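Novice: One-letter residues, chain by chain:
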Amino acid sequence: MTVAVPAAPRESILRHLSDVLVARRGLYLMLLLVPPLLWLGIVYLGSLFALLAQSFFSIDEFSGTIIREPTLKTYGELLSPANLDIIERTVLVSAIVTLLSALIAFPIAYYAARYARGRLKAVFYLAVMMPLWSSYLVKVYAWKLLLAKEGVVGWVMERLGLAGLLDAWLAAPLVGGPSLSVSYTGMVLVFLYLWTPFMILPVQAALERVPVSLIEASGDLGASPRQTFRRVILPLAFPGVVAGAIFTFSLTLGDYIVPQIVGPSSLILGQVVYTQQGTAGNIPLAAAFSVVPVVIMGLFLAAAKRMGAFDAL
Amino acid sequence: MTSRSPLALRIAAGAGLVFLHLPLLFIILYAFTSEERSYQFPPPGYTLKWFAVAWNRPDVWAALGLSVRVGLASTAVALVLGTLAAAALSRSRFFGREAISLLLILPIALPGIITGIALRSAFSLVEIPFSYWTIVLGHATFCIVVVYNNAVARFRRLSPSLVEASMDLGADGFQTFRHVVLPSIGTALLAGGMLAFALSFDEVIVTTFTAGQQQTLPIWMLGELIRPRQRPVTNVVAVIVILVTALPILAAYYLTREGENIAGSGK
Chain A
1 MTVAVPAAPR ESILRHLSDV LVARRGLYLM LLLVPPLLWL GIVYLGSLFA LLAQSFFSID
61 EFSGTIIREP TLKTYGELLS PANLDIIERT VLVSAIVTLL SALIAFPIAY YAARYARGRL
121 KAVFYLAVMM PLWSSYLVKV YAWKLLLAKE GVVGWVMERL GLAGLLDAWL AAPLVGGPSL
181 SVSYTGMVLV FLYLWTPFMI LPVQAALERV PVSLIEASGD LGASPRQTFR RVILPLAFPG
241 VVAGAIFTFS LTLGDYIVPQ IVGPSSLILG QVVYTQQGTA GNIPLAAAFS VVPVVIMGLF
301 LAAAKRMGAF DAL
Chain B
1 MTSRSPLALR IAAGAGLVFL HLPLLFIILY AFTSEERSYQ FPPPGYTLKW FAVAWNRPDV
61 WAALGLSVRV GLASTAVALV LGTLAAAALS RSRFFGREAI SLLLILPIAL PGIITGIALR
121 SAFSLVEIPF SYWTIVLGHA TFCIVVVYNN AVARFRRLSP SLVEASMDLG ADGFQTFRHV
181 VLPSIGTALL AGGMLAFALS FDEVIVTTFT AGQQQTLPIW MLGELIRPRQ RPVTNVVAVI
241 VILVTALPIL AAYYLTREGE NIAGSGK
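Here the protein sequences come in this chain order: A and B. Note that UniProt numbering has the first sequence beginning at 1, numbered continuously upward. Note that UniProt numbering has the second sequence beginning at 1, numbered continuously upward.
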């Protein structure tokens with residue numbers, strides 16, 4: 001790196017300003033922080049509060065206009081059995097996706113952190129980054145091609161002589177459906193595909209921070225590799241899993257495009273928010289609905305912070 | 001660790017990677033299929049004609065153009081705001097620091113639909129009409145954190161003694177920034193900017209709420225997914241989108257990798 005030799009001290013306004021800023025660190029920090037905080041504070045937090053405020057409005061059932069008076073009526077509506085059902089289903093799907101993605105992610109992260117070196121490590125990193133960053137819609141679209149009745153999955157299963165197995169799975173209650181592309185199985189598969197890379201990276205980061213000396217010490221003290229894995233590596237990697245779960249859980253909780261394109265007819269939360277604010281025109285209910293994931297994620301983030309998951313992000 | 005990896009682990013890791021990559025390869029295959037209406041696999045024949053058809057579609061070009069313009073503007077905003085935040089938060093400890101870093105993560109930690117509907121309802125409350133700028137407003141908000149993450153990592157590796165030396169030699173703060181700090185963090189900013197662009201170029205959920213009648217490329221694709229008009233054109237556009245997002249990511253990877261051996265970071 002080349003460090004240019006600065007010119008002779010400039011007696012200028014800039015110089016004075018610079019001196020003031022160097023001397024008064026607090027002022028300097030404040031000036032740095034003002035623009036990003038103004039943006040995030042006004043555009044983002046402002047919008048969030050506007051949304052929150054709207055959830056305390058209600059809608060006139062006859063005219064469909066929004067009544068701008070504070071009321072808890074909309075929250076009462078939110079807690080109706082049908083809506084609670086939607087919330088419960090969404091949380092369950094998110095939890096399943098999170099759990100399965102941790103299962104898929106762990107071996108990849110573990111291999112990358114413990115065994116891959118040099119070029120192989122770079123290959124692993126890119127192999128995770130590429131699907132993570134490649135287009136969301138293209139990925140959803142790819143699965144539509146794969147899961148369609150005449151698509152790739154059906155063809156492969158038939159070639160393997162497993163068409164009967166696929167049919168049996170589709171005939172099963174809850175997980176099945178008319179075809180993979182309109183079933184919970186298909187929906188969970190697409191979510192897994194979309195979010196698993198978000199799980200791999202934090203888990204890998206956590207695993208990489210496990211000191212080798214600890215693993216050696218565990219072995220020296222007589223633990224079998226299996227015991228070392230269970231008692232030393234796994235607990236230390238857990239904050240990484242929680243950090244990954246922030247993404248997989250939150251992303252599933254709020255998605256409305258995947259269930260619209262692949263998935264059964266029963267709605268999940270994101271779809272309800274979307275239709276309530278759009279076609280139904282019931283902004284207060286949509287707002288109340290969107291408070292649900294905010295609250296869930298708030299609790300989740302608080303718990304995650306306590307477990308030290310933020311350091312693994 | 002010098003021991004060889006267990007076979008089961010290698011199989012599980014390999015299978016996971018195959019799961020993450022195979023579907024995208026099929027998209028590329030489908031871009032060449034001669035089958036027009038169904039998702040038939042394997043394709044009955046192969047053709048290049050859909051690339052020509054897509055090339056002549058003005059709606060695809062319009063959507064692509066808007067996506068690029070939104071991506072550039074959002075990236076520019078995110079670069080400025082993300083770098084400022086990173087400079088402030090990288091070394092100092094002060095009251096409220098944690099809250100600020102949470103605020104930076106929040107737009108991507110909360111579901112996109114929340115960001116989307118919150119912005120939309122705020123726009124309607126303040127009576128801002130939907131435009132190119134409302135899309136940029138949304139995109140820039142969640143792009144800031146991408147730039148921030150890249151910049152903050154590099155700021156932490158930047159040795160404070162370099163900055164002190166520059167000041168001791170008589171440079172003022174702005175000269176130090178221009179001649180010492182900027183060259184050191186430049187590649188990290190470039191990488192962050194490219195990732196922010198890729199993120200914006202691909203974003204669909206927030207965009208559906210902030211776009212009004214305008215179509216970015218992902219909105220165009222979403223329309224085709226829900227109400228397909230000419231399926232093979234969608235396949236071709238999907239391949240184009242894969243390329244446009246993959247290239248910045250590869251570039252960002254090489255930029256940040258080289259930056260690991262930055263001057264003054266040795267100890």
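What the hints contain is simulated information worked out from the structure, not anything from laboratory work. Where hints are given, some of them may not hold.
What the hints assert, rightly or not - Subject to a maximum C-alpha distance of 20 Å in a straight line, what follows is the list of computed SDA-like cross-link-like pairs (lysine to any residue): (1) A:K121 x A:A205; (2) A:K149 x B:I249; (3) A:K121 x B:A109; (4) A:K149 x A:W169; (5) A:K144 x A:M157; (6) A:K121 x A:V212; (7) A:K149 x B:F26; (8) A:K144 x B:R229; (9) A:K121 x B:T256; (10) A:K149 x A:E77; (11) A:K121 x B:L103; (12) A:K73 x A:L84; (13) A:K305 x B:L103; (14) A:K305 x B:A109.
Bear in mind the structure is a predicted one, so any value in this text is a computation, not a measurement.
Novice: Looking back at the numbered hints, which does the structure fail to meet, lowest number first?
Specialist: Numbers 2, 3, 10 and 11, in rising order.
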